[in-house]
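S.K.: Going down the list, the protein sequences come from chains A and B. Under our numbering, think of the first position of the first sequence as 1, with each following residue one higher. Under our numbering, think of the first position of the second sequence as 316, with each following residue one higher.
Hints in this document: simulated from the structure, not taken from any laboratory. Don't take each hint at face value.
What the hints assert, rightly or not - Straight-line Cα separation of at most 27 Å, DSS-like style, residue types lysine-lysine; simulated pairs: (1) B:Lys-485 / A:Lys-275; (2) A:Lys-170 / B:Lys-485; (3) A:Lys-209 / A:Lys-198; (4) B:Lys-527 / B:Lys-343; (5) A:Lys-125 / A:Lys-275; (6) A:Lys-274 / B:Lys-485; (7) A:Lys-170 / B:Lys-589; (8) B:Lys-590 / A:Lys-170; (9) A:Lys-315 / B:Lys-440.
Said to hold, decoys possible - Sample of chain A residues lacking proximity to chain B, with all beta carbon distances greater than 12 Å (derived): (10) Asn-18; (11) Arg-75; (12) Lys-94; (13) Arg-167; (14) Arg-197; (15) Lys-210; (16) Leu-285; (17) Asp-298.
Claimed, not checked - Which bits of chain B does chain A cover? Going by a derived footprint, with three or more residues having C-beta under 8 Å, they are: (18) 416–422; (19) 465–476; (20) 487–501; (21) 553–564; (22) 598–604.
Think of the CB as a built atom: it goes at the ideal place given N, C-alpha and C, for glycine as much as any other residue.
Protein chains: 2
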Amino acid sequence: MYIGIDIGGTTIKGVLTNREGEILSFKKIPIGKTPPEIEHCLIELIRVLAAAKGLDPSAVKGIGVGSAGSIDRDRGMVLTSPNIPALQKFPLIKTIRHRTGVPAFLENDATVAVIGEWWKGAGRKYSNWIMLTLGTGIGGGVVIDRRIYTGQSGSAMEVGHTSIDYRGRKCPCGSTGCLELYASATGLMRYARRVIRKHPDSPLIARMKKEKLDPRIIEEEALLGDPLSLHIYAQVSTWLGIGIANLVNIFNPEAIVFGGGLSRAHRLIFPVVKKTVHERVMEGLDHNIRYLIIRDHDRAPALGAARVAMDALKK
Amino acid sequence: MYIGIDIGGTTIKGVLTNREGEILSFKKIPIGKTPPEIEHCLIELIRVLAAAKGLDPSAVKGIGVGSAGSIDRDRGMVLTSPNIPALQKFPLIKTIRHRTGVPAFLENDATVAVIGEWWKGAGRKYSNWIMLTLGTGIGGGVVIDRRIYTGQSGSAMEVGHTSIDYRGRKCPCGSTGCLELYASATGLMRYARRVIRKHPDSPLIARMKKEKLDPRIIEEEALLGDPLSLHIYAQVSTWLGIGIANLVNIFNPEAIVFGGGLSRAHRLIFPVVKKTVHERVMEGLDHNIRYLIIRDHDRAPALGAARVAMDALKK
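Work out the full structure: start from the sequences and follow the hints.
M.R.: Set out below in structure tokens:
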């Protein structure tokens with residue numbers, strides 16, 4: 001038995017799985033805000049996942065953790081976390097090991113998502129495919145000849161920091177025009193705030209008075225036909241398509257699998273992305289590409305995290 | 316015995332090799348301008364290469380041909396050739412097969428270059444590396460886990476058509492801001508013509524009166540200290556570095572091997588490329604990258620073409 005944990009911006013999700021990747025229990029809880037709260041959430045999640053099969057946490061063979069932000073695998077820590085400041089420098093893996101007695105391993109969220117999809121999701125049918133995680137940033141993964149490629153030091157597929165406009169906006173990473181400045185959930189909200197001001201009649205203005213605006217609300221309004229909301233998604237999808245066209249010219253893939261919160265709006269995003277990619281890639285390169293959605297948003301990354309632990313213990 | 320042929324913008328190069336990749340004979344001739352001249356060049360080159368070892372061309376097991384331009388492997392034809400219009404739609408492979416009786420195969424120039432380097436050049440020491448061919452356009456190749464990755468339909472690594480500026484110049488491929496518009500030999504000459512006009516005192520103006528300006532002349536003047544020539548190379552190398560930074564963020568490679576005519580100016584290009592890549596990639600991603608030059612500009616692509624024939628006949 002293995003446990004996989006996926007730490008997102010607002011929730012922690014976990015699965016208990018066996019060597020075959022069957023999900024034996026699943027649990028999703030809000031994440032704490034302070035280090036002691038985070039520790040409590042994690043240990044409680046692990047306890048509940050194991051208890052669902054009548055186990056004590058110490059009976060689990062390994063625990064894998066996927067987290068957003070930049071991570072240090074060796075020290076088992078999240079170095080920078082845009083959404084959960086308390087997670088920064090928190091001794092994540094050490095705490096889990098200490099409290100459960102079980103070996104634990106850390107990986108980044110985009111990598112556990114691609115591993116989950118490769119193991120049990122959309123990626124099983126394809127040899128050469130790309131995964132994009134559209135969240136606060138844009139993460140990526142790539143499968144080549146049915147194997148996950150992670151690069152020389154495990155840092156490949158920093159897709160969010162490929163530049164589509166070297167004269168463009170400055171990115172905290174030090175570069176300019178990085179794709180995630182335009183086509184992540186953060187990029188979408190930045191663009192939305194810019195254009196909403198010019199449209200005082202938009203239903204988005206009315207929504208903003210009642211609740212905090214987010215990509216889901218704009219998606220709802222777009223699906224109800226609001227021209228401004230449709231425009232916001234079309235513009236962001238065009239930028240995303242420009243970045244994906246570069247990846248298609250580079251990888252000539254069979255399929256592209258989308259995960260992350262923003263990918264739930266695929267009905268709005270895919271048509272524009274496909275059109276943009278078609279206009280920009282070399283003749284014929286996009287003819288047979290499948291555009292797919294992660295099979296199980298909630299469980300695939302956590303399942304991938306469990307697989308990370310399984311593979312690490314095999315070595 | 317196998318023959319490999321590398322068709323460039325102005326010359327055809329050929330090697331005769333054995334299964335071990337030893338070069339038994341080498342020959343370089345100017346390329347003809349009309350279809351009958353091209354046919355004559357090719358057949359003469361093949362005859363001379365074989366004759367150097369006392370062979371008749373028909374004794375050769377296979378002939379591989381690498382060519383610039385976009386190619387159709389199945390029909391054995393170059394579809395579009397920026398430098399040799401007569402090569403377009405010329406029945407290249409059919410002619411060679413018909414005239415020699417030997418099986419022949421076509422591949423693109425960037426791919427044969429990476430195969431040559433992977434087989435006998437700089438790439439033998441590395442598991443995960445990129446090759447860039449800086450010529451009229453920019454071609455690319457990638458080796459992953461010691462195997463050449465060519466994509467789902469053999470069209471991966473169209474690096475020259477990755478965009479670094481989606482609001483930039485229009486490319487004949489249909490996209491905008493393609494890297495090769497800025498950082499190929501063609502891009503360098505376009506930029507040079509634009510800036511030379513504003514510098515009537517430049518030694519480049521004097522050179523232009525005597526001969527046709529090309530990247531080599533600008534390199535010579537740069538190495539003699541001409542500030543304008545140095546600026547032209549620095550600007551083009553910055554653009555190249557922007558494109559390479561995207562590749563480094565994607566592949567996290569051990570090494571980057573440069574081939575193609577423009578790479579001969581690596582003393583001017585590398586320092587600026589390295590600085591630009593360092594400024595633009597994710598922290599630490601460029602720490603251990605080796606920047607290398609193709610071991611043998613003249614022979615490596617032709618050797619790679621021979622290997623294409625060898626592998627095709629094994630299947």
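S.K.: All hints are to be evaluated individually against the structure, with a verdict given for each.
M.R.: To see whether the hints hold, each was checked on the structure:
| no. | hint | verdict |
| --- | --- | --- |
| 1 | B:Lys-485 / A:Lys-275 | holds (17 Å) |
| 2 | A:Lys-170 / B:Lys-485 | holds (24 Å) |
| 3 | A:Lys-209 / A:Lys-198 | holds (16 Å) |
| 4 | B:Lys-527 / B:Lys-343 | holds (22 Å) |
| 5 | A:Lys-125 / A:Lys-275 | holds (24 Å) |
| 6 | A:Lys-274 / B:Lys-485 | holds (20 Å) |
| 7 | A:Lys-170 / B:Lys-589 | holds (20 Å) |
| 8 | B:Lys-590 / A:Lys-170 | holds (17 Å) |
| 9 | A:Lys-315 / B:Lys-440 | holds (25 Å) |
| 10 | Asn-18 | holds (29 Å) |
| 11 | Arg-75 | holds (14 Å) |
| 12 | Lys-94 | holds (22 Å) |
| 13 | Arg-167 | violated (6 Å) |
| 14 | Arg-197 | holds (23 Å) |
| 15 | Lys-210 | holds (36 Å) |
| 16 | Leu-285 | violated (6 Å) |
| 17 | Asp-298 | holds (28 Å) |
| 18 | 416–422 | violated (count 0) |
| 19 | 465–476 | holds (count 11) |
| 20 | 487–501 | holds (count 5) |
| 21 | 553–564 | holds (count 6) |
| 22 | 598–604 | holds (count 4) |
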